[in-house]
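Engineer: Each chain is listed here by its residues.
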Amino acid sequence: MLVRFFLMLRDAGVPVSLTEFLALLEALEARLATLSVEDFYFLARTVLVKDERHYDRYDRTFAAHFRGLEQAFQSLTAAEIPAEWLRRQAELLLSPEERARIESLGGFDKLLEALQERLREQQGRHEGGNKWIGTAGRSPFGAYGYNPEGVRIGQDESRQRRAVKVWDQREFRNLDDTVEIGTRNIKLALRRLRRFAREGAAEELDLGGTIDATARNAGWLDLKLVPERHNAVKVLLFLDVGGSMDDHVRVCEELFTAARGEFKHLEYYYFHNFVYETVWKDNRRRHAERIPTHEVMRTYGPDYRLVFVGDATMGPYEIMQPGGSIEHWNEEAGATWLERLRRAYPKHAWLNPEPEDRWDFVPSIGVARRLLEERMFPLTLAGIDRAMRALNAR
Amino acid sequence: MTAPRFSGTDRYVATDDLTMAVNAAVTLARPLLIKGEPGTGKTQLAEEVALALGKPLFEWHIKSTTKAQQGLYEYDAVSRLRDSQLGEERVRDIGNYIVRGRLWEAFASEVQPVLLIDEIDKADIEFPNDLLRELDRMEFYVYETRELIKARHRPIILITSNNEKELPDAFLRRCFFHYIRFPDAETMQRIIAVHYPRLKPELLKEALEAFFRLRDVPGLKKKPSTSELLDWLKLLLAEDIPPEALRSTDGKAAIPPLYGALLKNEQDVHLFEQLVFMNRRTAR
Numbered sequence: 001m002l003v004r005f006f007l008m009l010r011d012a013g014v015p016v017s018l019t020e021f022l023a024l025l026e027a028l029e030a031r032l033a034t035l036s037v038e039d040f041y042f043l044a045r046t047v048l049v050k051d052e053r054h055y056d057r058y059d060r061t062f063a064a065h066f067r068g069l070e071q072a073f074q075s076l077t078a079a080e081i082p083a084e085w086l087r088r089q090a091e092l093l094l095s096p097e098e099r100a101r102i103e104s105l106g107g108f109d110k111l112l113e114a115l116q117e118r119l120r121e122q123q124g125r126h127e128g129g130n131k132w133i134g135t136a137g138r139s140p141f142g143a144y145g146y147n148p149e150g151v152r153i154g155q156d157e158s159r160q161r162r163a164v165k166v167w168d169q170r171e172f173r174n175l176d177d178t179v180e181i182g183t184r185n186i187k188l189a190l191r192r193l194r195r196f197a198r199e200g201a202a203e204e205l206d207l208g209g210t211i212d213a214t215a216r217n218a219g220w221l222d223l224k225l226v227p228e229r230h231n232a233v234k235v236l237l238f239l240d241v242g243g244s245m246d247d248h249v250r251v252c253e254e255l256f257t258a259a260r261g262e263f264k265h266l267e268y269y270y271f272h273n274f275v276y277e278t279v280w281k282d283n284r285r286r287h288a289e290r291i292p293t294h295e296v297m298r299t300y301g302p303d304y305r306l307v308f309v310g311d312a313t314m315g316p317y318e319i320m321q322p323g324g325s326i327e328h329w330n331e332e333a334g335a336t337w338l339e340r341l342r343r344a345y346p347k348h349a350w351l352n353p354e355p356e357d358r359w360d361f362v363p364s365i366g367v368a369r370r371l372l373e374e375r376m377f378p379l380t381l382a383g384i385d386r387a388m389r390a391l392n393a394r
Numbered sequence: 001m002t003a004p005r006f007s008g009t010d011r012y013v014a015t016d017d018l019t020m021a022v023n024a025a026v027t028l029a030r031p032l033l034i035k036g037e038p039g040t041g042k043t044q045l046a047e048e049v050a051l052a053l054g055k056p057l058f059e060w061h062i063k064s065t066t067k068a069q070q071g072l073y074e075y076d077a078v079s080r081l082r083d084s085q086l087g088e089e090r091v092r093d094i095g096n097y098i099v100r101g102r103l104w105e106a107f108a109s110e111v112q113p114v115l116l117i118d119e120i121d122k123a124d125i126e127f128p129n130d131l132l133r134e135l136d137r138m139e140f141y142v143y144e145t146r147e148l149i150k151a152r153h154r155p156i157i158l159i160t161s162n163n164e165k166e167l168p169d170a171f172l173r174r175c176f177f178h179y180i181r182f183p184d185a186e187t188m189q190r191i192i193a194v195h196y197p198r199l200k201p202e203l204l205k206e207a208l209e210a211f212f213r214l215r216d217v218p219g220l221k222k223k224p225s226t227s228e229l230l231d232w233l234k235l236l237l238a239e240d241i242p243p244e245a246l247r248s249t250d251g252k253a254a255i256p257p258l259y260g261a262l263l264k265n266e267q268d269v270h271l272f273e274q275l276v277f278m279n280r281r282t283a284r
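Chains as they are written, first to last, in the working numbering: chain A, 1 to 394; chain B, 1 to 284.
Some hints here could point you the wrong way.
Unchecked claim - Only pairs whose alpha carbons sit at most 30 Å apart, straight line, appear in this in silico DSSO-like list of lysine-lysine:
no., chain 1, residue 1, chain 2, residue 2
1, A, Lys224, B, Lys122
2, A, Lys234, B, Lys264
3, B, Lys122, B, Lys165
4, B, Lys200, B, Lys67
5, B, Lys234, B, Lys67
6, A, Lys234, B, Lys63
7, B, Lys122, A, Lys234
8, B, Lys165, A, Lys224
9, B, Lys63, A, Lys224
It should be emphasised that the hints constitute simulated quantities derived from the structure, not laboratory data.
In isolation and in its complexed conformation, chain B is listed as follows (with noise of 0.2 Å):
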C-alpha cells in the first residue's frame, strides 16, 4: 500500500507520535480523534493535513445546537410551504428543497477530501451515536428523496474534541485516537522556529523559560498554551522588548512584560501578581 503520507508541514510541526496516529487514520480510512489541551493546534492540524497531503479540505465545526442531521442534509419544508402559497412550480420537486450539509459535500467530492469535524463534544451527547453508520459505511439515506448517498472516496476524517462530554463507546471503537500532549521546551523550540524564523535565540531562549515558569506556577486556571506563546512572542517582537527585560530570576522584576497575552484569566492575574509581590517580599 502506498498511501500519501503525512510528516508535517514548514509550518507545523508534528511529532513522530501525532505523525503515526496521522498515517494510520489515513491508511486503514479510519476517523482519527483528536484530543489535548486548548490551543495544541488541534484543530490547525486539519488544515495542514489536506495540505500537506493536497486534498481538499471540509469543515464542520460543531455547536451546542447543532444536529447530526444538519451534517447529512436539511430539508427546508418551511420554504417549502411558503413556495407552495405562492404557487411556484418548483414546489413540486422536493429534491429542491433538500440542502446539502458538510458530509454530503465531503462525500459528493470529486477527489477524496479532508473533513474536519471541529469540536464534536459541544454537541449533544447522542450526537457521535447518530453518525455511527455515516463514519462506519460512508453513506447515508436521504428518506425525502428515496436515495443513497455514498461517498465517492472515503474522506480522510479528522475529529477534535476538547473533552467536555465523555464520547459513546460505540463511537470511540470506530476512531482511532491520538492525545496532543503539551509540547516540551525542545519541540516548543521547533514550534516557534516555525513560526518566528527571525528571531534571536537569546530573546527565544528567556522567553521559553519565563514561559515554562509561568505554566508551573501552581494553581493557574487556565494555563498558556502554545498559541498564547505564539501570540506573545508577536508582541515581544511587535514592542522590540530586549532579552535581558525576560530575564526574572533575580526575583525583582519578575513579571514578564506584556503577560496579559499568556493569562486569559482575571484570577489567573490576581494570582500571578500576588506570588510576585510575595517573592519580592523575600527577596528583600
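Chain A with its partners taken away, still in its complex shape (with noise of 0.2 Å):
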C-alpha cells in the first residue's frame, strides 16, 4: 500500500528517494502515527517532503491515494458497531423528512442490515479495499447523506473531518514551482539568477590561505591561490513589447526588474513580436529610434548571454515570411534574423510567459521552438532554472 504512495509520490514529481521511504517506515515503526491519519499525513510530510515548493503535489498525491481511507483507519479501531450507535447518530443527523424517506425504502434496519454487511466485507480487506468506501457516493449511505463522504463510524469525528481539509485546502499551491511568478517568487528566481551569475574563475593570491599555509610550514613562504568569485556574466535581453504581450506585463517587469539587480552586464532591447533588423531601446519612441540588429551583434560581443522574453504567439508567417511583420515591411524573415542572433551568440535562450501546456495548440509557438532547437522555456520558476542550466550548458 505504501509502496504504491511512494511510487505515486515520484510519479507526481515529488523528488523521494529510498532513504526517505525507508525512514517513514523506520518512524510507523517507531509508532510515531498511529490511528489518525492526520497524524500520518504529518509525518509523512515530514519525512518525505523536503522542499514546501512540493507541498502542494503531496497534497494532492495524499488526496488521490488515501481518499476514504481514514473509514479504513476508523474500521480498524471501531471493529464492532453497536446497531444502537448507529441508530443515535442518524437520529442525530438526518431531518425528519430524510427518515421519512429512508422508513419509505424499507425502513431503518433493513438500511443498518447492509451497512454492517458492507463493513464485515470492509474488515476483510480493509488494506487494498477502497471498493466500500470509494463507492461510498453511490451506496445508499452515501445517497440519504448521513454525511457526504459516508457514515462516519468511530471516534472523534471534528478531528477527522479537519484532518480531510487539511490537504483539501492546498495551501502550499502558490509554493508550487511550476506556477507562474507571483511577488513571492520572483525572490526565488533571482536567486536562481544568482547562482548563475557567481560562476566563471580566475587566479588570485589567496592572502589567508598564504599566511596560513606558511604558519604551518614553520615559516617557509607557501603561495595559496583560489579561484576569483567574481560576476563575470554579461546578459542581453530582447523583451517582446506590446500586443499580446500586455497579458504578460507584470511577470515580465519583475523579471526584468530581478535581472537588473542581478547582473552588472545587462543589456537590453525591445522588440514587437518577433525579431527582425531593428530593435529599441526606448518604448516612448520606438518609431523614432531604432537600432539595427546588426548594430547590436556588432557591439557585443559573443561572450553576451541572449535571452528572449516573449510570448510568439502570431501568425507563424510573421516568423517565415519576408514582409511577414505586422509593423513594417521587412526584407528578410523573422527566422533569418533568429537564426543570425543564434550564431552570433550560441548561448541563448526563449523564456515564454504563455503555460507550457498551452504551447501545443499555437502554431507559431512551434515554429520558433522549432528555429531554436527546443531551447524555450516557460518563464515560471522551473522553466528559468532550465533556462539558465541551458545557458550554462557548453
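Two chains, each in its own frame: build the complex with the hints.
Structural biologist: The structure is reproduced here in C-alpha cells:
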C-alpha cells in the first residue's frame, strides 16, 4: 500500500528517494503515527517532502491515494459497531423528511443490516479495500447523506473532518514552482540567476591561505591561489512588447527588475512579436529611435548570453515570410534574423510567459521552438532554472 | 520507544504538524530542517525544544563567511607560529592550538544536547555538503591530532533556513523537513494569549483584524509577521491605545496607529499611505 503511495509521489514529481521511504517505515515502526490519518499525513510530509514547493503536489497525491482511507483507519479501531449507536447517530443527523424517506425504502433496520454487511466485507480486506469506501457516493449510505463522505464510524469526528481539509485545502498551492512567478516567487527566481552569475573563474592570491600555509610550514613561504569569485556573466535581454504581451507585463516587469539587480552587464532591447532588422531601447520613441540588429551584434561580443522574453504568439508567417511583420515591411524573414542572432550568441534561451501546456496549440510557438532547437522555456521558476542551465551548458 | 515528546511550551505555541515534525526528528535522531517566512519563530523553536525537553542548547549561527570546518574545530596556526618565535613550551603539543567548534562542543556534551544550526542558507553553497558525514555518523576526524571525535549522545539537531540558497539534495535526504506556515487567525490568537495574557479582548480583536487586513494589502515588499505583530501589540499596550482607534472600516481613519512597527520598508509605507489616501477619496 505504501509502496504504491511512494511511486505515486514520484510520478507526481516529488523527488522522494528510497532513503526517505525507509525512514518513513522506521518512523511508523517507532509508532510515531498510529491511528490517525492526520498524524500520518504530517509525519509522512515531514519525512518525505524536503521543499515547501512540493507540499502542494504532496497534498494532491495524498488526497488521491488516501481518499476514503480514513474510514479504514477507523474500522480498525471500531471493529464492532453497536446498532444502537448507529441509530442514535442517525437520528441525530437526519431531518424528519429524510427519516421518512428511509422508511419508504424499507426502513432503518434494513439499511443498518446492509451497512453492517458492508462493514464486514470491509473488515476482511481493509488493506487494499477501497471498494466500499470508494463507492460510498453511490451506496445508500452516501446517497442519504448521514454525511457526504459516507457514514462516519468511530471516534473524534471533528478531528477527522479537519484532517480531510488539511490536504484538500491545498494551502501550499502558490509555493509550487510550476505556477507562474508571483510576488514572493520572484525572489527565488532571482536567486537562481545569482547562482548562475557566480560562476566563472580566475586565479588570484589567497592572502589568508598563504599566511596560514606558511605558518603551518614553520615559516617557509608557501603561496596559495584561489579562484576568484566574480560576476562575469553578461546578459543581453530581448523583450517582446505590446500586443499579446500585455497580459504578461507584470511577470516580465518582475523578471526585468530581478535581472537588473543581478547582472552588472545587462543590456536590454525591445522588439514587437519577433526579431527583425531593428530593435529599440525606449518604448515611447520606438518609431524614431531604432537600432539596427546588426549594430547590436557588433557591439556585444559572443560572450554575452542572449535571453528572449516573448510569448511567440502570432501568425506563423510573421516568422517565416519576408514582409511578414505586422508593423513594417521587413526585407528578410524573422527566422533569418533569429538564426543570425543564434549564431552570434551561441548561449541563448527563450523564456515564454505562456503556460507550457498551451504551447502545442499555438502554431507559431511550435515554429519558434523548432528554430530555437527546443531552447524555449516557460517563464516559471522551474522554467527559468532550466533556461539558466541551458545557458550555462557548453 | 519512549522518547520524550515535545508539545510546545507555555511561551511557544506549536501547531500539530510542527509537533509531529519535532517528535519525529527527536525519535529517529535525524536533523530537522525548518523553513518559513521570517518572523515565524524558527530560531526560537530550538530554544523552546531545549527548554521543554530539559536539554542544553548549543547555537551555531551561520554567516556568509562561515566554513563547515569552523563548526568542528580550528587549528590556530598563527598563534602557534608566534609562540614558536617566543620559544614557548606549549608549542610542542599541537593539541594546544586546536580550538573546538560548536559541533564538537555539542558532541562532547554529557547529556543529549539540542544543537541549533541557524540560517544555514547564509553560508557558501557547499557548506551543507561539508557537513554530510558529520551529521550522518555524528563523528569527525581531527587530522592534526589524529583523533576521532564521536558524539557521546546524538544531539537533536535543528537547522533553519530562509531560502536564500538551494540546499543540496544529498543534504536534504538526511534531514526531516518542516515549513512553518504563517499562522491563521486562530493560532495567532493563541500565540498572543501566550505572550500578552492580560490583553483586553476588544483590543486584541481589533488589532488582529487590522493586522490581517494589512497583510492582505497587495504588493507589500515585506509582509508583517508574527514577531512584528507582537512588537506592535507591545507598543499599543505601552501607549494605551483604545481599541476604537484601530477600527478603520469607516474608511476615514484607515491608518492603524504606530504602523511603523509593522511595516519595515519605506516603499511599503509609501504604498500603504497612498492606498489609504485613495480609500479616503473614494469614501468621500
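Engineer: A separate judgement is required for each hint: does it hold in the structure or not?
Structural biologist: Verification of the supplied hints:
no.: 1; hint: A/Lys224 x B/Lys122; result: holds (26 Å)
no.: 2; hint: A/Lys234 x B/Lys264; result: violated (33 Å)
no.: 3; hint: B/Lys122 x B/Lys165; result: holds (8 Å)
no.: 4; hint: B/Lys200 x B/Lys67; result: violated (48 Å)
no.: 5; hint: B/Lys234 x B/Lys67; result: violated (38 Å)
no.: 6; hint: A/Lys234 x B/Lys63; result: holds (28 Å)
no.: 7; hint: B/Lys122 x A/Lys234; result: holds (25 Å)
no.: 8; hint: B/Lys165 x A/Lys224; result: holds (28 Å)
no.: 9; hint: B/Lys63 x A/Lys224; result: holds (24 Å)
Against the hints set out earlier in the document, violations occur for numbers 2, 4 and 5.
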